[in-house]
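J.: So the chains spell out like this:
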Amino acid sequence: MSGASAAAAGPVLEPRFSYAPFALLVPLLIGACALSLLIGRTSSGPTIGFGDAAIAGPVLMEIRLPRTLLALLVGGTLGLSGAALQGLLRNPLAEPGLLGASSGAALGAVLVFYFGLAAADSVVLPLGGVAGSMAALGLLYSLAGRRADLVTIVLAGIAINALAAALTSLALNFAPSPYAALEILFWMLGSLADRSSVHVLLAAPLMLPGWVLILAAARGLDALTLGEDTAASLGFAPERTQWLVIGGTALSVGAAVAVTGVVGFVGLVVPHMLRPWIGHHPRRLLAPCFIAGAALTLYADVAIRLMPPGPELKLGVVTALIGAPFFLHLILRHGREHAA
Amino acid sequence: MTRRAAILAGLAAGVLAAAVSVAQPGSESGPSNTAAERVPRAASTPRLPTVASINLCTDQLVLHVADPAQIVTLSWLAADPDESTLAEAASRYPLNYGSAEELLRYAPDVVIAGLYTNAFTRALLRDLGFTVVDIAPANSLEDIEAQLRQVAAAIGRSEHGERLIREMQARIAGHRARLGSSPVDTVVVRPGGFTVEAPSLADELLQLANLRNLPAERGLDRWGSLSIETLLHHPPELLVFASYRDADASLANAVLAHPALETLAERVVTASVPAAMWSCGLPNSLDVVAVLEEAAEKARGARTATLSRADEGAAR
Chain A
1 MSGASAAAAG
11 PVLEPRFSYA
21 PFALLVPLLI
31 GACALSLLIG
41 RTSSGPTIGF
51 GDAAIAGPVL
61 MEIRLPRTLL
71 ALLVGGTLGL
81 SGAALQGLLR
91 NPLAEPGLLG
101 ASSGAALGAV
111 LVFYFGLAAA
121 DSVVLPLGGV
131 AGSMAALGLL
141 YSLAGRRADL
151 VTIVLAGIAI
161 NALAAALTSL
171 ALNFAPSPYA
181 ALEILFWMLG
191 SLADRSSVHV
201 LLAAPLMLPG
211 WVLILAAARG
221 LDALTLGEDT
231 AASLGFAPER
241 TQWLVIGGTA
251 LSVGAAVAVT
261 GVVGFVGLVV
271 PHMLRPWIGH
281 HPRRLLAPCF
291 IAGAALTLYA
301 DVAIRLMPPG
311 PELKLGVVTA
321 LIGAPFFLHL
331 ILRHGREHAA
Chain B
1 MTRRAAILAG
11 LAAGVLAAAV
21 SVAQPGSESG
31 PSNTAAERVP
41 RAASTPRLPT
51 VASINLCTDQ
61 LVLHVADPAQ
71 IVTLSWLAAD
81 PDESTLAEAA
91 SRYPLNYGSA
101 EELLRYAPDV
111 VIAGLYTNAF
121 TRALLRDLGF
131 TVVDIAPANS
141 LEDIEAQLRQ
151 VAAAIGRSEH
161 GERLIREMQA
171 RIAGHRARLG
181 SSPVDTVVVR
191 PGGFTVEAPS
201 LADELLQLAN
211 LRNLPAERGL
221 DRWGSLSIET
231 LLHHPPELLV
241 FASYRDADAS
251 LANAVLAHPA
261 LETLAERVVT
271 ASVPAAMWSC
281 GLPNSLDVVA
291 VLEEAAEKAR
301 GARTATLSRA
311 DEGAAR
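Taken in order, these protein sequences are the chains called A and B. Just so you know, the first sequence maps onto residues 1 to 340 in the numbering used here. Just so you know, the second sequence maps onto residues 1 to 316 in the numbering used here.
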C-alpha cells in the first residue's frame, strides 16, 4: 500500500524542474528593468533618457534605480507569495492580502500618519507598516492556534482584514488634517513614486528571509497538492508548510506594503498567468511567479510614466487595469474548455 | 530547504547587495552634482535663492512673498481658479506635479512643501541635497504670520515678509475696530456637509467679521460635520455657502443641493464664498472677512425688518 502510494507520488513530488520558462521570463524582466531605468516623467509628460549631464547621475542612481529595484522586489514578493498561498490553500482566489498582512501593514502606516509621525521622517512610515503586518500575523497566530486547519486560518484572516479595514477608516475619521486624510487614501492605492534607496534598504532585509521561508515550503506545497493526509503520510508536516508560507508572506508582503502601499492584483493574477504554461506544481511555479510578478509590476510602473502630463496615477490602479482583463480572459477560456 | 531555493535566495541577496552598493555612491555624488551646478551661478552675481513649491497653499504663500524672478516652478493646482486665489499669477510659471525628477530638472535652491503632502518626495529631495521647507496647514491668523516669516526667511525676502505681516496686522486691526454691534448667528455650509470648526482659521475669520459661528458655539458639529437636520433645528440668520466647483457633479456638492437646505436658504440671508478662499492660510484670507462683513450687514438689515414687522403686529 505505502509502496504503491510512493510510486504514484514519485512523479508528483519530483516534477522535472524546467528551465524553459526562465528563457522567456528573464529577458522579459530585464527588458522591464531597462525600460524602467530609461523612461522618466517630467512636467510635460514622459521622457526618455536622464536629462542633462548635471542631473543624469542623481536621476538614474537616486530616483530611477531605487524605484526599479523596489518594483522588482515588491512585484516579485507579490507573485511569489500569491503562488505559495494559492498552493497552500488550494484555492485559486487566494492572494497575499488574504491573511491580513496587507491590511495590517496599511493600518500600521495609517496610524503613523494619524499620530503625525510620518512628517518627521519617511522611514517611520514603513516601520509602522511592518509593525502592523507583524501584529496582524501575531493576532492570526493567537486566533487560529499553532495546529489550526486551513479553513480556520482563512476565516481568521478575513476577520483580521475586516478589523484592520475598520480601524483604518476609524483613523481616517480622526485624521488631524483633511490633507492627511487625502494622502492616506492615495497611499492605500499603492505607489512607487519618489521612493529612495532608504526604502530599498528598509524593505529588502525583511523580504529576503520572507522569500527564504516561502521557498523552503516548496516541497511541502507540492506534497499538499495530494491532500493534507497524504502529505503527512509522506513525511511533510502540513502545519510546518503552513506556517512557513504564512510567516514568509507576513514578512515579505508586510515590508512591501509598508513602503509602496497596497498594490492589488499582482499576487492573484500572476500564478494564473503562468499555470496553463508551467503547470500547477507550486515548486515549479514559485520562482517563475516571482519573476513574472516583478515584470508585471515594472511594466505597470513604466505605463504610469508614459501617461500624458498630469499627477501620477497610483500603481494599484494600473496593475488592476492590466491584470483584470487578462484574468477575465483566462477565466472565460477555462470555462469554455470545461464546457467543451 | 532545497538547494535550488538556497541558490535562488543567495542570488537574490547578491543582486540586492550589488544594487544597493551601486546606489550608495550615487547618494554621495548626487548632492555634490547639483551643488556644483549651482555654485558658479551664485558666485558670479549675488542673487536671491531660486524657489520651487509643490503644494497648493505654499504655492500661494510663495507668490505673495517671493520676488517673481525667484520662482522657478509652482504646483499645477496653483493655476486652477477653482483651487487657487492666485491662479492667474501662478499660470505665468512652469507648473509641476510634485515629483522629485521634475524638481531635479528645475534645480531650485529651496523647495517649499506642505507638511502633510508628498512625504516620500520631500525625503528624497532632502537626500538629493535640496533645502526643503515644510509648511503645516495654517489654523489661525497667527499661523499665517509665522508661515510668511518662515518662507520669507528661507528665500531671502525677510524684509518683504515683515511688510506683508504689518499690512495684515493693520487690516486685522481695522476689522477689530468695526466689531461691537451684536454678532450675527451664522452657519457655514461646506461641500460634503462640513462646517467651520473652532478653533480654526475660518472660525477666526468669522469672528473678525462679527459673526457668531453657531455650530462651534453650541457644539452642534461632530468633527466639523453638521447634519442638515441639526441645521434646521438651529436656523441661523446668515447661511454662508463655501462654493466649490458648482458645475461639477459630486456627492459632496449634492449635500448643498438638498431640498431642505434650499428651503432654509430662501428664509435667511445667504452669502457665497468660494472654497479656494478658505482652503489656505494667506494674507488674502482676510478678503473673506470683507465679503462676510457685507453679508452680516444684510443680515442685520433683515433682523431690523423682522423686528419692525413684529412691532407693527403688536401695535395692531
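Keep in mind the hints are simulated off the structure, nothing from the lab. A portion of the hints provided could be inaccurate.
To be verified - The calculated label-pair distances, taken between Cβ atoms and stated as ranges, are: (1) B/LEU48 x A/MET307: 51 to 57 Å; (2) B/SER227 x A/LEU155: 36 to 42 Å; (3) A/MET307 x B/ARG245: 51 to 57 Å; (4) B/HIS234 x A/PRO46: 52 to 58 Å.
Said to hold, decoys possible - Anything over 12 Å on all C-beta distances counts as not near chain A; from chain B, calculated: (5) LEU104; (6) ARG126; (7) PHE241; (8) ASP248; (9) ALA290.
What the hints assert, rightly or not - Stretches of chain A that chain B covers, calculated by requiring three or more beta carbons in the stretch to come under 8 Å of a beta carbon on chain B: (10) 193-199; (11) 264-273.
Glycine included, each C-beta is placed from N, C-alpha and C at the ideal position.
J.: Indicate, hint by hint, whether the structure satisfies it.
T.: These are the hints, each one checked on the structure:
Distance hint check for B/LEU48 and A/MET307: the Cβ-Cβ separation is about 35 Å, which falls outside the suggested range of 51 to 57 Å. Under the hint 36 to 42 Å, the C-beta atoms of B/SER227 and A/LEU155, about 37 Å apart, fit the expected range. A hinted range of 51 to 57 Å for the beta carbons of A/MET307 and B/ARG245 is inconsistent with their spacing of about 23 Å. A beta carbon spacing of about 54 Å between B/HIS234 and A/PRO46 agrees with the range 52 to 58 Å that was offered as a hint.
Taking the minimum C-beta to C-beta distance to chain A, about 5 Å, the non-interface status of B/LEU104 is violated against the 12 Å cut. Residue-level check failed: B/ARG126 sits 9 Å from the nearest beta carbon of chain A, not beyond 12 Å. Remark: the non-interface label on B/PHE241 is consistent with the geometry, its nearest Cβ contact in chain A lying 18 Å away (cut-off 12 Å). Distance to chain A confirms B/ASP248 as a non-interface residue, since its nearest Cβ pair spans about 17 Å, more than 12 Å.
With a least CB separation of 25 Å from chain A, B/ALA290 remains clear of the 12 Å interface cut-off, as annotated. Evaluation of the coverage hint for the segment 193-199 of chain A: fulfilled, as 7 residues show C-beta separations to chain B shorter than 8 Å, against a requirement of three. Counting residues of the segment 264-273 of chain A whose beta-carbon sits less than 8 Å from any beta-carbon of chain B gives 0, not enough to reach three: the coverage restraint is violated.
Hints 1, 3, 5, 6, 11 from the list above are not met by this structure, while the remaining hints are.
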